[in-house]
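Q: Residue numbers (my numbering), protein chains in the order written: chain A, 1 to 113; chain B, 1 to 111.
Check before you lean on any hint, since a few could be wrong.
[To be verified] As a list, the in silico DSS-like pairs of lysine-lysine whose alpha-carbon atoms are at most 25 Å apart:
(1) A:57 with B:103
(2) B:3 with B:69
(3) A:83 with A:57
(4) A:42 with B:69
(5) A:57 with B:3
(6) B:103 with B:69
(7) A:42 with B:103
(8) B:52 with B:103
(9) A:42 with A:78
(10) B:3 with A:42
(11) A:57 with A:42
(12) B:3 with B:52
(13) A:78 with A:57
(14) B:103 with B:3
(15) A:42 with A:83
[Claimed, not checked] Reference listing, derived: stretches of chain B covered by chain A, where coverage requires no fewer than 3 residues with Cβ under 8 Å from a Cβ of chain A:
(16) 13-27
(17) 99-111
For the record, the hints were derived by calculation from the structure and aren't laboratory data.
For glycine and all other residues, C-beta sits at the position ideal for the given N, C-alpha and C.
One letter stands for each residue in the lines below.
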Amino acid sequence: EPEVTQTPSHQVTQMGQEVILRCVPISNHLYFYWYRQILGQKVEFLVSFYNNEISEKSEIFDDQFSVERPDGSNFTLKIRSTKLEDSAMYFCASRGQGSWEQYFGPGTRLTVT
Amino acid sequence: DAKTTQPPSMDCAEGRAANLPCNHSTISGNEYVYWYRQIHSQGPQYIIHGLKNNETNEMASLIITEDRKSSTLILPHATLRDTAVYYCIVRIWNSGYALNFGKGTSLLVTP
Numbered sequence: 001e002p003e004v005t006q007t008p009s010h011q012v013t014q015m016g017q018e019v020i021l022r023c024v025p026i027s028n029h030l031y032f033y034w035y036r037q038i039l040g041q042k043v044e045f046l047v048s049f050y051n052n053e054i055s056e057k058s059e060i061f062d063d064q065f066s067v068e069r070p071d072g073s074n075f076t077l078k079i080r081s082t083k084l085e086d087s088a089m090y091f092c093a094s095r096g097q098g099s100w101e102q103y104f105g106p107g108t109r110l111t112v113t
Numbered sequence: 001d002a003k004t005t006q007p008p009s010m011d012c013a014e015g016r017a018a019n020l021p022c023n024h025s026t027i028s029g030n031e032y033v034y035w036y037r038q039i040h041s042q043g044p045q046y047i048i049h050g051l052k053n054n055e056t057n058e059m060a061s062l063i064i065t066e067d068r069k070s071s072t073l074i075l076p077h078a079t080l081r082d083t084a085v086y087y088c089i090v091r092i093w094n095s096g097y098a099l100n101f102g103k104g105t106s107l108l109v110t111p
C-alpha cells in the first residue's frame, strides 16, 4: 500500500539553527499538509499546500516557517531559526484529488537544544 | 468549524464493541463529521466520515443522530491494536481541508 515517508525520523538541532524536514507524499496526491504535535499535546495544523502555493495556514505558521515542493516528489518544511518551543513531532500528510482521507507519515521528531 | 466534545478516556474489553461518542451541537448543514485515530504517537489515521447518513466501512461504523448534533463511532469487535486516541472532527468540505484535532478520546482495550 502506498505510504507517506518522512526523513529524518529524529533531528536534533541547536537553537537558532535552520532545519529542513522532508516528506515524500503519495505519488498521485495533490494536496499536502504539515502538522505538529508537542509532546503530550494535541495535533496542530500548520499549513496546507496545493498547486505550488499555500492554500491555508495557521497562526503557528509564522515567518520562521516555509514550505516548498522542490521537485515532483518531495515536500519540505523549513524552520529558519529554531526555538526551544519548536521541539515537537512534525507530521506530513497528503491527499488525493476528490479524496476524503489524509494519509499521514510517521513523523519527524525535532529536538531543539 | 463546529466545536466537538468527547470523553477524555474510555475502556473496552477485547472482542466487545467500542462505542465512542462525540457531541457537535453547533454543527452546520454543510459540515461533515470525520473520525481519525492516533496509535501511540504514530501519524493519525483516517477511519470514517459522514454527513447525515450512517456509514460503515471495514474499520468502523458511524452513527449520526437525526438532528446531527452528536455521533457515535463504533468499533464492532475491538482488539488490543485498537488502543489509541480517537478524534472526532467537524468541518466543511473544501479544497484546503485542514484538520483541527481536539484532545480526543483515549480508548484502552483490555484483554
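Q: Determine for every hint whether it applies to the structure shown.
A: Comparing the hints with the structure gives:
As the CA atoms of residue 57 of chain A and residue 103 of chain B are separated by approximately 20 Å, the hinted pair is consistent with the 25 Å bound. Taking the CA atoms of residue 3 of chain B and residue 69 of chain B, the gap is about 11 Å. The hint holds against a cut of 25 Å. Annotation: proposed proximity of residue 83 of chain A to residue 57 of chain A holds, straight-line Cα distance about 20 Å (limit 25 Å). Simply put, residue 42 of chain A and residue 69 of chain B have alpha-carbon atoms about 23 Å apart, close enough for the 25 Å limit, and the pair holds.
A threshold of 25 Å between alpha carbons decides the hint, and for residue 57 of chain A with residue 3 of chain B the separation of about 19 Å falls inside it, so the pair holds. In summary, the hint linking residue 103 of chain B to residue 69 of chain B is supported, as the alpha carbons are separated by about 19 Å, within the 25 Å threshold. Only pairs whose Cα atoms come within 25 Å are accepted, and residue 42 of chain A paired with residue 103 of chain B is accepted, the gap being roughly 6 Å. For the hint pairing residue 52 of chain B with residue 103 of chain B, the CA-to-CA distance comes to about 24 Å; that is within 25 Å, so the pair holds.
Of the pairs offered as hints, the one joining residue 42 of chain A and residue 78 of chain A holds, with about 21 Å between alpha carbons and a cut-off of 25 Å not exceeded. Of the pairs offered as hints, the one joining residue 3 of chain B and residue 42 of chain A holds, with about 15 Å between alpha carbons and a cut-off of 25 Å not exceeded. For the hint pairing residue 57 of chain A with residue 42 of chain A, the CA-to-CA distance comes to about 17 Å; that is within 25 Å, so the pair holds. With a C-alpha separation of about 17 Å, the suggested pair residue 3 of chain B and residue 52 of chain B falls inside the 25 Å cut-off, and the hint holds.
Taking the CA atoms of residue 78 of chain A and residue 57 of chain A, the gap is about 14 Å. The hint holds against a cut of 25 Å. Our distance criterion of 25 Å between C-alpha atoms is met by residue 103 of chain B and residue 3 of chain B, whose separation comes to about 12 Å. For the hint linking residue 42 of chain A to residue 83 of chain A, the alpha-carbon distance of about 19 Å falls within 25 Å, and the restraint holds. Coverage of a stretch by a chain is defined here by at least three residues with a beta carbon nearer than 8 Å to that chain's beta carbons; for the segment 13-27 of chain B and chain A the count is 0, and the condition is violated.
Here the segment 99-111 of chain B counts 6 residues with a CB under 8 Å from a CB of chain A, which clears the bar of 3, and the coverage holds.
Taken one by one, the earlier hints fail for this structure only at number 16.
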